[in-house]
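The listed protein sequences correspond, in order, to chains A and B.
Our numbering puts the first residue of the first sequence at 1, with every later residue one more than the last.
Our numbering puts the first residue of the second sequence at 1, with every later residue one more than the last.
Any given hint might turn out to be false.
Claimed, not checked - Derived pair list, reagent style BS3-like, types lysine-lysine, alpha-carbon separation capped at 30 Å:
{"hint": "1", "chain 1": "A", "residue 1": "163", "chain 2": "B", "residue 2": "284"}
{"hint": "2", "chain 1": "A", "residue 1": "163", "chain 2": "B", "residue 2": "248"}
{"hint": "3", "chain 1": "B", "residue 1": "96", "chain 2": "A", "residue 2": "163"}
{"hint": "4", "chain 1": "A", "residue 1": "163", "chain 2": "B", "residue 2": "422"}
{"hint": "5", "chain 1": "B", "residue 1": "422", "chain 2": "B", "residue 2": "154"}
{"hint": "6", "chain 1": "B", "residue 1": "183", "chain 2": "B", "residue 2": "171"}
{"hint": "7", "chain 1": "B", "residue 1": "96", "chain 2": "A", "residue 2": "70"}
{"hint": "8", "chain 1": "B", "residue 1": "78", "chain 2": "B", "residue 2": "352"}
{"hint": "9", "chain 1": "B", "residue 1": "135", "chain 2": "A", "residue 2": "237"}
{"hint": "10", "chain 1": "B", "residue 1": "342", "chain 2": "A", "residue 2": "57"}
{"hint": "11", "chain 1": "B", "residue 1": "52", "chain 2": "B", "residue 2": "352"}
{"hint": "12", "chain 1": "B", "residue 1": "64", "chain 2": "A", "residue 2": "70"}
{"hint": "13", "chain 1": "B", "residue 1": "98", "chain 2": "A", "residue 2": "57"}
{"hint": "14", "chain 1": "B", "residue 1": "98", "chain 2": "A", "residue 2": "237"}
{"hint": "15", "chain 1": "A", "residue 1": "70", "chain 2": "A", "residue 2": "57"}
{"hint": "16", "chain 1": "B", "residue 1": "53", "chain 2": "B", "residue 2": "135"}
{"hint": "17", "chain 1": "B", "residue 1": "154", "chain 2": "A", "residue 2": "57"}
{"hint": "18", "chain 1": "B", "residue 1": "96", "chain 2": "A", "residue 2": "57"}
I should point out that these hints are in silico values taken from the structure, not numbers from a laboratory.
Here is what each chain is made of, one letter per residue.
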Amino acid sequence: MAGDAARIRRQNKLGKGLFLLFFIGPALLIYAVYNIYPIFATFYYSLFDWTGIQAEKTFLGLENYANLMKDRVFFRSLGNNVLLVFASVFTQIPLGLALALLLQSKIKGMRFFRTVYFLPFLMSTVAIAILWMFIYNPTFGVLNGLLSDLGLQSLQRSWLGEKSTAMGAVIATICWQFVPFYMILLRAGLTGIPEELLEAARIDGCTPWGTFTRITLPLLMPTIITSATLSTIGSLKYFDLIFVMTEGGPDSATELMATYMYKQAFRFFSMGYASAISSCMFILAFIAAAAILSLDRVRSRGGY
Amino acid sequence: MSAMKKWASILVSVLLICSLAACGGGAANSGSSQHSPSSSDSGSQDVSSGEKKKLTVWYIDTGKRKELIEETIQEFMKAHPDVEVAAEQIANDTYKTKLPVAMGGNNPPDIFHSWGGGWLKEFVDAGQVMDVTGKIDADSYLPAALNLATFDGKLYGAPLAMSLTLFFYNKEIFEQYGLEPPKTYDDLLNIIDTLNANGIAPISMANKTKWPGALWLIYLANRVGGADIFNAAFERRGGTFDDPAFIKAGEMIQELVDRNAFVTGFNGLDYDTGQSRQFLYTGKAAMELQTSGYLTVVRSEMPEFESKMGIFGFPAVEGGLGKATDLVGGVSPVFSISSQTKYPDEAVELLKALTSKELAQRYVDEAGVVVAVKDVQYNDPFAIQMKEFLEQAEFLQPFYDQTLPPEMAELHKDTTQALFGKSITPEEAARQMEEAAQSMLGN
Chain A
1 MAGDAARIRR QNKLGKGLFL LFFIGPALLI YAVYNIYPIF ATFYYSLFDW
51 TGIQAEKTFL GLENYANLMK DRVFFRSLGN NVLLVFASVF TQIPLGLALA
101 LLLQSKIKGM RFFRTVYFLP FLMSTVAIAI LWMFIYNPTF GVLNGLLSDL
151 GLQSLQRSWL GEKSTAMGAV IATICWQFVP FYMILLRAGL TGIPEELLEA
201 ARIDGCTPWG TFTRITLPLL MPTIITSATL STIGSLKYFD LIFVMTEGGP
251 DSATELMATY MYKQAFRFFS MGYASAISSC MFILAFIAAA AILSLDRVRS
301 RGGY
Chain B
1 MSAMKKWASI LVSVLLICSL AACGGGAANS GSSQHSPSSS DSGSQDVSSG
51 EKKKLTVWYI DTGKRKELIE ETIQEFMKAH PDVEVAAEQI ANDTYKTKLP
101 VAMGGNNPPD IFHSWGGGWL KEFVDAGQVM DVTGKIDADS YLPAALNLAT
151 FDGKLYGAPL AMSLTLFFYN KEIFEQYGLE PPKTYDDLLN IIDTLNANGI
201 APISMANKTK WPGALWLIYL ANRVGGADIF NAAFERRGGT FDDPAFIKAG
251 EMIQELVDRN AFVTGFNGLD YDTGQSRQFL YTGKAAMELQ TSGYLTVVRS
301 EMPEFESKMG IFGFPAVEGG LGKATDLVGG VSPVFSISSQ TKYPDEAVEL
351 LKALTSKELA QRYVDEAGVV VAVKDVQYND PFAIQMKEFL EQAEFLQPFY
401 DQTLPPEMAE LHKDTTQALF GKSITPEEAA RQMEEAAQSM LGN
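Isolated chain A, as found in the complex (with noise of 0.2 Å):
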């Protein structure tokens, strides 16, 4: 009796296994055929010098690799990586809570306010750059008009064509386009905040700072980790605005590794060191992506 059971347990496991298959499957295939093969596919090229245009291809072993160690370019475009990566996690996490703390508080007019906040958004990237290349116009632009208004013309740039000030300018514009993206997310998180816990705090004579810091933040934190991991993944791989504004120039200033792994790839027809590049990128996200969970697991299991 009790073997059947077991045996029935199993069938039915079987089953369900099955059952679950047939819903995954599609998806899955989709996945496999678009993701997980390219990223194979990516490493295996980078195995060869190519071309990209034509059929033959010369194995030479991890030489792309040792190039790619060799090549100033790739470290300078590593380098501004690292630098947007910081500046998108040190920036767009803070200004989207702040926001989305803004939104929830009681003011009128709130949801008017909301969908301005949301508004980057939801233009596409393309649009964004160029609006923001008029914005930077060093001649008709805004922001020097401004500056003209309040009688700083000490301060004006040719914010986009100067080697000193393009990396800031496309960083600004790159977490104007992402607050809005954090605070939907962050807001989520806060209203899975049980309103008893904060009342109780309010009750108990919490100050606004001792509840935000000892209640909201903590009860956050999974969100924060998860809003990090996304906003460093994806600083990581940024490609397309950047590539609209300044092309990775003037001089290189604003390079970034999957910039250059384009010119390399569609400029200079070198389809195996660009494969490289892009590895490199992959491992770089993996073992970003991997530090900041294992660092969230340590702090979850230190009870912070």
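Since the structure of chain A is already known, use the hints to place chain B on it.
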């Protein structure tokens, strides 16, 4: 009950998969029929669609030029009822990515656009381009244009239109300050000073994409070092890229920057979105060194400006070896045939139609461009002027970035942009170019 439900769900998911697949197929179908111009007269097509020979054409010409190419293809299909041509117009920058992918994926178009030179040579070296030597009549094209599609004495395509680099200037501003188009480089410097003194930016430029600034380097190197300066270095016969003429050209660029010859922040301005032309349209700047496509853009963007606009050539540099009549230019489009085409004979016929005298004549009359085809009548006043520049020229210097191998082309543009930004010295720029030349072109 649960079993019933389970099987029902499985059935549904199978159906969903099938419909997904159908969607994919449908999308592909609608995609191809959208690009095939013959889909409009599908009545006649249905009869013989089984035996039709299919050719694909990829090109990048826009506006009026696009219409003319489409009409030519329609006429070709009427004359060749057994051939069906699917022509696809692709945006310039997208095209530069899309063609390599198609070639690499072994699915290239039968006829494709290029600018000749180093870019086309990459595909020729990869064995992807058909040799058309003797298949088309080389005598009907201008030799300077044909050169850009000739490698190792073999012809790999035919040219249609050309672009020349000239100054486009605001005649009213010049008149107001009593200025004449410059004959010599010193004249140009005087014009720059006069305009600056009157609060008008002398020269507009949008150098984000780097090639507009490169035009200056190419002209200055030619005027200082003479017609052979680039080719001697490129072909590695005695010349080098760190020749004093290239260094001098770099110095002259930085002197111009110091003289405030250019609009503020030019290295961050975008040409495609009109950030340099804006200065001319609003009268804030007086001139711009650009390719002849400028005229087409002005006509569609700001037709009112055309009546104020004049053109002049790049002036001579005193003591330099280059002639004031030498031109910097290029060819676009050059049409080539893929070596993988299934119907080489029909493709050659279509290539001839796409670079025919008839189409070239219409390009001149209706699009106002200079063409690479001989014996064409010019009526458009600007086109007549440009044709005169072309006729006077003893030498046409192709754009460096279309002649050099792609990696060196990028270095040339990067270092020139850095020269303009004053983040590199002329000596250093020349040294980097020569170093790259030695590793890529040999000693």
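So, going through the hints one by one against the coordinates:
A threshold of 30 Å between alpha carbons decides the hint, and for residue 163/A with residue 284/B the separation of about 25 Å falls inside it, so the pair holds. Straight-line distance between C-alpha atoms of residue 163/A and residue 248/B comes to about 24 Å, which keeps the hinted pair within the 30 Å bound. Taking the CA atoms of residue 96/B and residue 163/A, the gap is about 27 Å. The hint holds against a cut of 30 Å. Annotation: proposed proximity of residue 163/A to residue 422/B holds, straight-line Cα distance about 10 Å (limit 30 Å).
This hinted pair does not check out: residue 422/B and residue 154/B have alpha carbons roughly 42 Å apart, beyond 30 Å. At most 30 Å may separate the alpha-carbon atoms for a hinted pair to count; residue 183/B and residue 171/B meet this at roughly 16 Å. Among the hinted pairs, residue 96/B with residue 70/A is consistent with the structure: their alpha-carbon atoms are about 28 Å apart, no more than 30 Å. For the hint linking residue 78/B to residue 352/B, the alpha-carbon distance of about 15 Å falls within 30 Å, and the restraint holds.
At most 30 Å may separate the alpha-carbon atoms for a hinted pair to count; residue 135/B and residue 237/A exceed this at roughly 48 Å. The hinted pair formed by residue 342/B and residue 57/A meets the criterion: a straight-line CA distance of about 25 Å does not exceed 30 Å. For the hint linking residue 52/B to residue 352/B, the alpha-carbon distance of about 20 Å falls within 30 Å, and the restraint holds. Of the pairs offered as hints, the one joining residue 64/B and residue 70/A is violated, with about 48 Å between alpha carbons and a cut-off of 30 Å exceeded.
A distance of roughly 20 Å separates the Cα atoms of residue 98/B and residue 57/A; the hinted pair therefore holds under the 30 Å criterion. Using a Cα cut-off of 30 Å, the hinted pair residue 98/B and residue 237/A holds, with the two alpha carbons roughly 21 Å apart. A C-alpha spacing of about 23 Å is found between residue 70/A and residue 57/A, which places the hinted pair at or below 30 Å, so the restraint holds. Taking the CA atoms of residue 53/B and residue 135/B, the gap is about 20 Å. The hint holds against a cut of 30 Å.
At roughly 26 Å between alpha-carbon atoms, residue 154/B and residue 57/A fall within 30 Å of each other, so this suggested pair holds. A distance of roughly 21 Å separates the Cα atoms of residue 96/B and residue 57/A; the hinted pair therefore holds under the 30 Å criterion.
In this structure, the hints that do not hold are numbers 5, 9 and 12, in rising order.
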